[in-house]
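Top line first, the protein sequences correspond to chains A and B.
The letter at position 21 of the first sequence is residue 21 when you use my numbering, and the numbering goes up by one with no holes.
The letter at position 234 of the second sequence is residue 421 when you use my numbering, and the numbering goes up by one with no holes.
For the record, the hints were derived by calculation from the structure and aren't laboratory data.
Do not take every clue at face value.
So the derived list for chain B, only partly shown, Cβ under 7 Å to chain A, looks like this [claimed, not checked]:
#1 GLU250
#2 GLU262
#3 LEU382
#4 GLN383
#5 ASP452
#6 ASP455
Part of the chain B face toward chain A, derived, beta carbon under 7 Å [said to hold, decoys possible]:
#7 GLY265
#8 GLU358
#9 LEU360
#10 VAL361
#11 GLU421
#12 GLN424
The beta-carbon is built from N, C-alpha and C at its ideal position, and this holds for glycine as well.
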Amino acid sequence: MYSASDLRKGLKIQIDGNPFIVTDFEFSKPGKGQALYRCKMRNMISGNQFTQTYRSNDKFEKADLDERKMQYLYNKESDYYFMDIESYEQIFITKEHLGDNINFLIDNMELQVLLFGGKPIDVSLPIFVNLMVIRADPWAKGDTSGTDTKPVTVETGYVLQVPPFVEEGEKIQIDTRTGQYVTRVKD
Amino acid sequence: MRAALLRLTRSFFFGLGFLEVDTPVRQPVIIPERNIIPLQSGSWFLQASPELCMKRLLAAGCEKIFQICPCFRAEERGRLHLEEFTILEWYRTGADYYDLMADCEAFLRYIKENFWLEFLDYGHLLSKSVFYGADGVNLTGVWERLTIAEAFTRYSSVSLEQALETDRFEELLVENIEPRLCIGSPLFLCDYPALQGSLAKLKGENPEVAERFELYLAGIELANGFSELTDGSEQRQRFDDELRHIHENGGKTTGMPECFLRALDDLDRAAGIAFGLDRLLMLIMGRRTLGEVVTFTPSEL
Chain A
1 MYSASDLRKG
11 LKIQIDGNPF
21 IVTDFEFSKP
31 GKGQALYRCK
41 MRNMISGNQF
51 TQTYRSNDKF
61 EKADLDERKM
71 QYLYNKESDY
81 YFMDIESYEQ
91 IFITKEHLGD
101 NINFLIDNME
111 LQVLLFGGKP
121 IDVSLPIFVN
131 LMVIRADPWA
141 KGDTSGTDTK
151 PVTVETGYVL
161 QVPPFVEEGE
171 KIQIDTRTGQ
181 YVTRVKD
Chain B
188 MRAALLRLTR
198 SFFFGLGFLE
208 VDTPVRQPVI
218 IPERNIIPLQ
228 SGSWFLQASP
238 ELCMKRLLAA
248 GCEKIFQICP
258 CFRAEERGRL
268 HLEEFTILEW
278 YRTGADYYDL
288 MADCEAFLRY
298 IKENFWLEFL
308 DYGHLLSKSV
318 FYGADGVNLT
328 GVWERLTIAE
338 AFTRYSSVSL
348 EQALETDRFE
358 ELLVENIEPR
368 LCIGSPLFLC
378 DYPALQGSLA
388 KLKGENPEVA
398 ERFELYLAGI
408 ELANGFSELT
418 DGSEQRQRFD
428 DELRHIHENG
438 GKTTGMPECF
448 LRALDDLDRA
458 AGIAFGLDRL
468 LMLIMGRRTL
478 GEVVTFTPSE
488 L
């Protein structure tokens with residue numbers, strides 16, 4: 001159990017069976033009065049936010065969270081299968097739950113899976129991934145504007161804007177936080 | 188800038204004929220107060236305020252005394268709280284809380300004027316200061332005195348009585364009232380509920396409230412002053428209530444301050460105030476957190 005004095009930004013607690021992360025925290029204690037702990041919290045599954053003020057004698061359950069290193073295996077329709085690197089245990093996460101993350105998943109990629117009460121609730125991808133360009137329009141020679149970009153499709157089916165010199169068959173690095181092109185990479 | 192504030196504070200009180208005192212920080216028994224968690228030091232405690240020792244000095248014959256010292260309160264940490272912080276306290280015999288309000292007015296005016304003279308060449312460092320910045324507060328004239336009951340009527344959806352009954356006093360004070368006290372000049376919030384000033388004298392014409400005030404500057408609580416309760420048996424009764432409350436709520440009690448209670452019999456009319464010097468420095472320098480104005484924060488040690 002946590003007590004109110006443990007509250008701080010980033011603390012993960014469990015309320016009514018849901019995991020919450022404290023995203024903002026302010027301590028106050030007016031005059032000779034009682035201490036107040038004002039917290040802004042985000043539900044780690046639904047993303048819903050709320051603000052609540054707690055007192056010194058309030059207690060909180062620790063969120064039953066576990067982060068494990070896993071490897072992406074394959075997808076079968078909208079189920080995406082992962083394997084725990086240590087225990088070889090396999091789990092699946094639905095496409096809906098993975099959201100934009102599916103744009104960057106390639107076979108055998110290692111990533112962190114966050115489990116709550118044994119159920120996966122989130123994945124953390126590497127910040128940078130290298131993906132093969134599978135479709136790109138040829139660079140129109142003579143286009144000297146230099147600042148233009150063009151759309152390409154990478155091996156996961158994700159479409160993004162890149163500089164015009166990027167060609168089909170090349171690998172590019174993408175920042176998974178923004179989904180944007182970083183640089184060309186050589187094998 | 189901290190050095191300048193300490194020096195100017197001393198020169199202000201020396202100018203008024205105050206004696207600077209230096210009392211022990213570590214004591215076997217400290218003030219029983221329900222909302223202050225003591226910090227232990229061996230089998231003794233670190234003071235949460237120098238109040239007990241300073242009032243013993245008044246009882247022993249000192250008339251005007253001040254002290255600048257570290258104070259400790261466990262589990263208090265935040266933008267405006269540190270477990271160790273610097274308090275300025277001053278006491279006057281033959282005075283009441285109105286005299287202390289006048290002291291506050293004179294003290295801040297003195298600091299504002301003289302601090303500026305010391306840093307004339309560094310004015311750009313003070314551009315966000317509550318004294319010297321573009322939205323600087325006005326210290327002239329008599330500062331507004333607002334009773335807690337009036338403040339609840341004016342700024343909160345429920346009355347003071349209702350707030351106390353439903354245990355929402357602090358919450359409404361912090362969320363509805365304090366943000367409205369940022370009014371371009373300092374303000375005294377006064378006549379707090381009797382229960383929230385266990386060492387304060389009750390008001391003659393209204394014993395529901397204590398002769399106690401908090402000074403607010405730019406919406407931030409800077410000082411807590413009151414007319415001292417000097418009736419030893421009533422003080423013992425109030426400490427008993429505090430000790431029982433702390434015990435019932437599973438807190439650690441440090442015992443009855445017997446030496447202090449004995450001394451109280453020799454004390455007549457007096458008033459005293461605790462002033463947060465770190466918070467004042469923060470406002471003068473235009474910073475947002477106490478951590479920015481202390482020499483080292485706990486995480487830097």
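Comparing the hints with the structure gives:
| no. | hint | result |
| --- | --- | --- |
| 1 | GLU250 | violated (26 Å) |
| 2 | GLU262 | holds (4 Å) |
| 3 | LEU382 | violated (9 Å) |
| 4 | GLN383 | holds (5 Å) |
| 5 | ASP452 | violated (25 Å) |
| 6 | ASP455 | violated (24 Å) |
| 7 | GLY265 | holds (3 Å) |
| 8 | GLU358 | holds (6 Å) |
| 9 | LEU360 | holds (5 Å) |
| 10 | VAL361 | holds (5 Å) |
| 11 | GLU421 | violated (18 Å) |
| 12 | GLN424 | violated (18 Å) |
Comparing the model with each numbered hint stated earlier shows that hints 1, 3, 5, 6, 11 and 12 do not hold.
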